[in-house]
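Q: The residues making up each chain are set out below.
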Amino acid sequence: MTEHRDGRIIITTPITDEDIKGLRTGDTFYLSGELMTGRDDVHERVVEEGMAFPVDLNAKALFHAGPIIKTKENGTYEIISIGPTTSMRMERFESAFIEKTGVKIIIGKGGMGADTAAACRMHKTICSAAPAGCSLVCAKCVEEVEGASWTELGMPEAVWHLKVKEFGPLIVTIDSEGRNYFEELKSDYKLRSEEQKLRLIKELK
Amino acid sequence: MTEIEKKSILTNILAQYLNHLSKHLPEDISSALLRLKEQESDDSARAFYETMFRNMELAAELDRPLCQDTGIVQFKIKCGALFPAINELADSLTDAVRIATEEAPLRPNCVLSFEEKNTGDNTGGGVPTVWWEIVPNRYDCEITAYLAGGGSSMPGRAEVLMPSAGYDAIIPFVLDRVAEYGPNACPPLLIGVGVGNSVETAAMNSKNALLRDADSKNSNPKAARIEELLEEGINKMGIGPQGLGGSSSVMGVNLVNTARHPATLAVAVSFGCWCHRRGRLHLDRNLNFESPTHPGFSK
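Chains as they are written, first to last, in my numbering: chain R, 1010 to 1214; chain G, 20 to 318.
In case anyone wonders, no lab produced these hints; they're calculated from the structure.
Be aware that a few hints might be false.
Stated by the list, open to error - Calculated lysine to aspartate or glutamate pairs in the EDC-like style (CA-CA distance at most 16 angstroms, straight line):
#1 R:K1079 - G:E107
#2 G:K255 - R:E1161
#3 R:K1214 - G:D187
#4 G:K136 - R:E1012
#5 G:K241 - R:E1212
#6 R:K1214 - G:E246
#7 R:K1195 - G:E199
#8 R:K1206 - G:D82
#9 R:K1206 - G:E247
#10 R:K1211 - G:D187
#11 G:K136 - R:E1161
#12 G:K255 - R:D1197
#13 R:K1211 - G:E107
#14 R:K1206 - G:E246
#15 R:K1079 - G:E121
#16 R:K1109 - R:D1124
#17 R:K1206 - G:D140
#18 G:K255 - R:E1212
#19 R:K1149 - G:E76
#20 R:K1199 - G:E199
#21 R:K1211 - G:D140
#22 R:K1206 - G:E122
#23 G:K255 - G:D195
#24 R:K1030 - R:E1012
#25 R:K1079 - G:E122
#26 G:K136 - R:E1153
#27 R:K1079 - G:E251
#28 R:K1149 - G:E80
#29 R:K1149 - G:D82
#30 R:K1081 - G:E122
#31 R:K1214 - G:E247
#32 G:K136 - R:D1050
#33 G:K236 - G:E251
#34 R:K1195 - G:E247
#35 R:K1172 - R:E1043
#36 R:K1199 - G:E122
#37 R:K1206 - G:E121
Said to hold, decoys possible - Some but not every residue of chain G turned toward chain R, in silico, with C-beta under 7 angstroms:
#38 P127
#39 L131
#40 A282
Each residue gets a CB set at the ideal place from its N, CA and C atoms; glycine is no exception.
Work out the full structure: start from the sequences and follow the hints.
A: Encoded structure:
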């Protein structure tokens, strides 16, 4: 479901193709509903070892994140700190992961590569970036840690089931047409770095 | 003071310090971020700076770590040979990491290589990292602590070049790495460049460069010129906060150099993220302490 409130675009799970079709690279939105964490080891399990993601991820969102969580005396969890980790590390697995799970929104840090962009286009999924290093701004949007799976992987690598409210701001980095914002930006940075190399070496002589 | 008393006082100070470090940026870093924020002309980049500053306020207010990746703890120690707690220090460092992991809390990040097991308390398998320097005839001790996050450790690189490549070669070596990895490493960055005789001396120098203040300068005019040019050039790449574009890319570029072999020119680069959690703590012979990077840290 998509709502427009106070100039904000808020998407709530379950996410439909219609919800993400209008979002383009560079757009800002917020997410409410069910968000699951999953990073390196989780991707390896799902894609390479053929294990099923421990909860239904279809029409939901995935967060490349390893939080700090406190386990309370009654066995429930408290979120201390959570923020995005480098998404590019998951590039090797992500297209197969999208196909297997039906995830609709991926949240992480920085961009992802061509394979993920192709999978986003094919399966109508989007990738987005959460503010990096702003783990308390992010943690404030987590209403509850509803559960955990694969905790044997250790705190950063486990799957944490989060309930979030207006989680963001999130910037669309790959849209459902497969347009890749970070790759476009990176080629600009590379172009400028080539110009700067020539200039700096000349200045140094 | 008995040995047990010394160790317990020292461990407590260090654990409190690591706790503080995970929640408060050093003064040189927060002033650099403030300067970049004020100079920023791009609207969305300015909005990112606002979010980053809001996060810093929340960390202090909620007494929680600034970033969920509290890193692998690294210590650089300059210990007077006559420092009365020299014999207790190594154990205190490890105990302090364990206590801070529990109390701050820090995220357990220590994964034993090959065994692929997270130890759960940020110690084991050679972690925390400790680099020792013993200073003759002194009674005091300076401890630099750094929480080395994964995202900023990832882009590190070292290489031994032929001397004919010249010091010019530092420029493409650093710029290529920044263009490829900079946007993902939580910019605006602090860039540490190392020059030395072999791969590990250059790498160590690049880490020492990250431990220097963001606004410090190399004392050699040629090396300082390279720092200045790199800073200017990387800023002109316009990576901006969060890697999404802006009028600057770095908080500073520091170069640390040691002598080279006539046949080698080893260079290295290390990255620090905008949330550069590094601090210096001075301890005197009576274990009185102060932190020039974190004046807010006191008993």
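Q: Run every hint past the structure and note whether it holds.
A: Verification of the supplied hints:
Restraint check for K1079 of chain R and E107 of chain G: the C-alpha separation of about 31 angstroms exceeds 16 angstroms, so the hint is violated. Among the hinted pairs, K255 of chain G with E1161 of chain R is inconsistent with the structure: their alpha-carbon atoms are about 45 angstroms apart, more than 16 angstroms. Under the criterion of a C-alpha separation no larger than 16 angstroms, the hint pairing K1214 of chain R with D187 of chain G is consistent with the structure, at around 8 angstroms. Between K136 of chain G and E1012 of chain R the alpha-carbon distance is near 43 angstroms, which puts this suggested pair outside the 16 angstroms criterion.
Taken as a hint, the K241 of chain G and E1212 of chain R pair is honoured in the structure, with Cα atoms around 12 angstroms apart against an allowance of 16 angstroms. Taking the CA atoms of K1214 of chain R and E246 of chain G, the gap is near 15 angstroms; set against the 16 angstroms cutoff, the hint holds. Simply put, K1195 of chain R and E199 of chain G have alpha-carbon atoms about 7 angstroms apart, close enough for the 16 angstroms limit, and the pair holds. At roughly 43 angstroms between alpha-carbon atoms, K1206 of chain R and D82 of chain G are farther apart than 16 angstroms, so this suggested pair is violated.
Using a Cα cut-off of 16 angstroms, the hinted pair K1206 of chain R and E247 of chain G holds, with the two alpha carbons roughly 14 angstroms apart. Note on K1211 of chain R and D187 of chain G: the hinted pairing holds, with a Cα-Cα distance of about 9 angstroms set against a maximum of 16 angstroms. Using a Cα cut-off of 16 angstroms, the hinted pair K136 of chain G and E1161 of chain R holds, with the two alpha carbons roughly 9 angstroms apart. Distance check on the hinted pair: K255 of chain G and D1197 of chain R sit about 11 angstroms apart at the alpha-carbon level, within 16 angstroms; holds.
Proximity of K1211 of chain R to E107 of chain G is assessed by CA-CA distance (about 53 angstroms); at most 16 angstroms being required, the pair is judged violated. Distance restraint check for K1206 of chain R and E246 of chain G: the Cα-Cα separation of roughly 14 angstroms lies within the 16 angstroms cut-off, and the hinted pair is therefore satisfied. Of the pairs offered as hints, the one joining K1079 of chain R and E121 of chain G holds, with about 10 angstroms between alpha carbons and a cut-off of 16 angstroms not exceeded. Annotation: proposed proximity of K1109 of chain R to D1124 of chain R holds, straight-line Cα distance about 15 angstroms (limit 16 angstroms).
Distance restraint check for K1206 of chain R and D140 of chain G: the Cα-Cα separation of roughly 44 angstroms exceeds the 16 angstroms cut-off, and the hinted pair is therefore not satisfied. With a CA separation close to 15 angstroms, the supplied pair K255 of chain G and E1212 of chain R stays within the 16 angstroms bound. The straight-line distance between the Cα atoms of K1149 of chain R and E76 of chain G is roughly 13 angstroms, inside the 16 angstroms bound, and the hint therefore holds. This hinted pair checks out: K1199 of chain R and E199 of chain G have alpha carbons roughly 8 angstroms apart, not beyond 16 angstroms.
Distance check on the hinted pair: K1211 of chain R and D140 of chain G sit about 50 angstroms apart at the alpha-carbon level, beyond 16 angstroms; violated. Only pairs whose Cα atoms come within 16 angstroms are accepted, and K1206 of chain R paired with E122 of chain G is rejected, the gap being roughly 46 angstroms. This hinted pair checks out: K255 of chain G and D195 of chain G have alpha carbons roughly 14 angstroms apart, not beyond 16 angstroms. Of the supplied pair hints, the one linking K1030 of chain R and E1012 of chain R holds, its CA atoms being roughly 14 angstroms apart against a limit of 16 angstroms.
Taking the CA atoms of K1079 of chain R and E122 of chain G, the gap is about 11 angstroms. The hint holds against a cut of 16 angstroms. A distance of roughly 28 angstroms separates the Cα atoms of K136 of chain G and E1153 of chain R; the hinted pair therefore is violated under the 16 angstroms criterion. The straight-line distance between the Cα atoms of K1079 of chain R and E251 of chain G is roughly 43 angstroms, outside the 16 angstroms bound, and the hint therefore fails. A threshold of 16 angstroms between alpha carbons decides the hint, and for K1149 of chain R with E80 of chain G the separation of about 12 angstroms falls inside it, so the pair holds.
Our distance criterion of 16 angstroms between C-alpha atoms is met by K1149 of chain R and D82 of chain G, whose separation comes to about 13 angstroms. Annotation: proposed proximity of K1081 of chain R to E122 of chain G holds, straight-line Cα distance about 14 angstroms (limit 16 angstroms). Restraint check for K1214 of chain R and E247 of chain G: the C-alpha separation of about 14 angstroms stays at or below 16 angstroms, so the hint holds. Pair hint K136 of chain G plus D1050 of chain R holds up; C-alpha atoms about 12 angstroms apart against a cutoff of 16 angstroms.
Distance hint between K236 of chain G and E251 of chain G is fulfilled; the C-alpha atoms sit about 14 angstroms from each other, no more than 16 angstroms. As the CA atoms of K1195 of chain R and E247 of chain G are separated by approximately 23 angstroms, the hinted pair breaks the 16 angstroms bound. Under the criterion of a C-alpha separation no larger than 16 angstroms, the hint pairing K1172 of chain R with E1043 of chain R is consistent with the structure, at around 5 angstroms. This hinted pair does not check out: K1199 of chain R and E122 of chain G have alpha carbons roughly 43 angstroms apart, beyond 16 angstroms.
Our distance criterion of 16 angstroms between C-alpha atoms is broken by K1206 of chain R and E121 of chain G, whose separation comes to about 46 angstroms. For P127 of chain G, the suggested interface contact is upheld, since its CB lies about 5 angstroms from the closest CB of chain R, less than 7 angstroms. Residue-level restraint check for L131 of chain G is violated (minimum Cβ-Cβ distance to chain R is 11 angstroms; threshold 7 angstroms). About 23 angstroms separates the beta-carbon of A282 of chain G from the nearest beta-carbon of chain R, more than 7 angstroms, and the hint is not met.
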